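Novice: Go by the hints and put chain B onto chain A.
There are 2 protein chains.
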Amino acid sequence: MTDRWALAIDIGGTKVEGALVDDRGAVLGATRCRAGTGGERSAAELDTSVVQVVDGALDRAAAAGVAEDSIVGVGVGVAGPIDERAGTVSPINLPAWHEHPLRAVIAARKAERLPGVPLEFHRDGVAIALAAHWVGAAHGVANMIGMVISTGIGGGIILDGRVVTGNAGHIGQIEVSGATGELSLGSRTTLESVASGPHTVAWARGQGWPGTTGEELAAAFAAGDDVAVRAVERLAALVGQGVCSAAALLDIEVVAIGGGFSRVAPDLIDRIGAHVARHPLDYVSRVRVIEAGLEDEAPLAGAAAFVHLADRLPAAR
Amino acid sequence: MTDRWALAIDIGGTKVEGALVDDRGAVLGATRCRAGTGGERSAAELDTSVVQVVDGALDRAAAAGVAEDSIVGVGVGVAGPIDERAGTVSPINLPAWHEHPLRAVIAARKAERLPGVPLEFHRDGVAIALAAHWVGAAHGVANMIGMVISTGIGGGIILDGRVVTGNAGHIGQIEVSGATGELSLGSRTTLESVASGPHTVAWARGQGWPGTTGEELAAAFAAGDDVAVRAVERLAALVGQGVCSAAALLDIEVVAIGGGFSRVAPDLIDRIGAHVARHPLDYVSRVRVIEAGLEDEAPLAGAAAFVHLADRLPAAR
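First to last, the sequence lines map onto chains A and B. Under the UniProt record's numbering, the residue at position 313 of the first sequence is numbered 313, and the numbers go up by one with no gaps. Under the UniProt record's numbering, the residue at position 246 of the second sequence is numbered 246, and the numbers go up by one with no gaps.
Any given hint could turn out to be false.
[Claimed, not checked] From the structure, some residues in chain A lie toward chain B, with a derived Cβ separation under 10 Å:
1) S90
2) I92
3) A96
4) V117
5) P118
6) D160
7) T165
8) N167
9) I171
10) G172
11) T180
12) T189
13) L249
14) D251
15) V284
Calculated directly from the structure, the hints in this document are not laboratory data. Remember, it's a predicted structure, so these values are computed and weren't measured experimentally. From the three backbone atoms N, C-alpha and C, an ideal C-beta is built for every residue, glycine too.
Same shape as in the complex, but just chain A (with noise of 0.2 Å):
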């Protein structure tokens, strides 16, 4: 068992998350807790989610007999936006929290729990990317997009090897042409507003199918429904679109893609990766697609990633 331990925590939509994680990106799964946040709940609330989820996680893991001083650092990757000099976020599914003090929150906790410890405190979308490419498919890319297709669409960018912090990743919010979607963040043309789950379910449903969930249309396009398998093209031919667009901008080397309504098709990143490959500048149709290939740990990883890999952070911005 190693004796460098990260204190991982994951803040999302829907749950915090929290474990420990060892120093090559390797979930202790007894340590391994969960709560529910969720729109409907107030600040308290879901402050006390991630205060239960860090207690949690240490009890457990002193139940599992790591020693305390073995845990060398906390790291948190949150849903954005986030203002990392202020330490506060504002996510936006998480309405309660608006421009909120969650990096004092958890600090005030580790500082009782974890003394004298450091705490990394970023976005989610910046610890996806950073697992990728730190124990992830794209494994040591210098130049690379982490991106996450599931509820919304989001994302995290290493260039020259260091992971770019602050809110930079955030793909979703980029425009594309040629289709429009539901209203999102005032705009009914970004990547994320055409081509999420939700969105591309609700554009099936415009077409006559009749289901209501990504797993129904997971289904329908196996079993080779004609909308489903179109919806796909629709979904692979916009994402292609914004990675182009993105490719374009940073001269990236990778796109490694994540995230549950990722796998709403078998060849679904395949057929990213053509519509790419078609694109006019050699640099960007070079660019390979690929899966992230860490499916559900990848936060945690990414967030102890924060701590094992804290020389690879800029200050934060």
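Specialist: What follows is chain B alone, placed relative to chain A:
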């Protein structure tokens, strides 16, 4: 007079320009010289223009009394795309140069004229961003985009105080929604294909405006011509949209805009800023949109910055 000069070379679609630039960004006018490029020239003719400018600037420097050993490096900014590792360029507007080993051409001449000093070789948009950060209106801004609106739309990116090299900053190649232009690099819906100088003029002509140049469009705007006013507002909205996409993806503080067509209306920069200020995400709406402030000296100042600020450059990529 400084004892630390850079030989700065800017290589674009219509001309090569060169001059000595001191370590505070001042261009030594007596050393400035230029030669033509252009899409009709052969690869060898283009090389000859570059070598002529290298020789011309150095000969003028000697005539002006600059000691050869006070020239501490050669900085080159060149139209992209670029492959920095290979030292090759494939400029969109100079088709005779495709994967052309330009770095070796310049290195060979440098070895004869300035043996022993370093050669820094990057894209022109990177130079322009670095110039704005070094001695322009975005002085000292750690997270920014430097952007040019001209025959094309391009730029460069600085994150965490370090310039992003390679092809990063090609903001004209991101897709925009709600407009269609003329075909450019395989798309009618990139920012460049809907909002460059020529495409904006073409849009105005399509609305019945009789002129043919950007200068005429600027004059028509100044005279209150209805189509010209709408053309400027359309340009501001589209550039504003592109800036929002880039700012959402990168989390920057400033966009510094220059280039000849950015002066088509005295208030164009303010109009772009007004669009950005309406974005629903706080970290996007607070981005400051400013004039780059270096006019025509930005490309040479930026090429010199590759030498004088070499510590801000990551490894070639």
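Novice: Take the hints in turn and mark each one as holding or not.
Specialist: Going through the hints against the structure:
1. S90: Since chain B brings a Cβ to about 7 Å from S90/A, closer than 10 Å, the hint holds.
2. I92: At 9 Å from the nearest chain B Cβ, I92/A passes the 10 Å test, so the hint holds.
3. A96: violated, 17 Å
4. V117: At 25 Å from the nearest chain B Cβ, V117/A fails the 10 Å test, so the hint is violated.
5. P118: violated, 19 Å
6. D160: holds, 4 Å
7. T165: holds, 8 Å
8. N167: holds, 4 Å
9. I171: holds, 6 Å
10. G172: Constraint on G172/A satisfied, holds at 8 Å.
11. T180: holds, 8 Å
12. T189: T189/A check passes; min Cβ-Cβ to chain B is 4 Å, inside 10 Å.
13. L249: Where the cut-off is 10 Å and the nearest Cβ of chain B is about 6 Å from L249/A, the hint holds.
14. D251: With Cβ-Cβ at 4 Å, under 10 Å, it holds.
15. V284: Result: holds, 8 Å to nearest chain B Cβ.
The structure shown violates the earlier hints numbered 3, 4 and 5.
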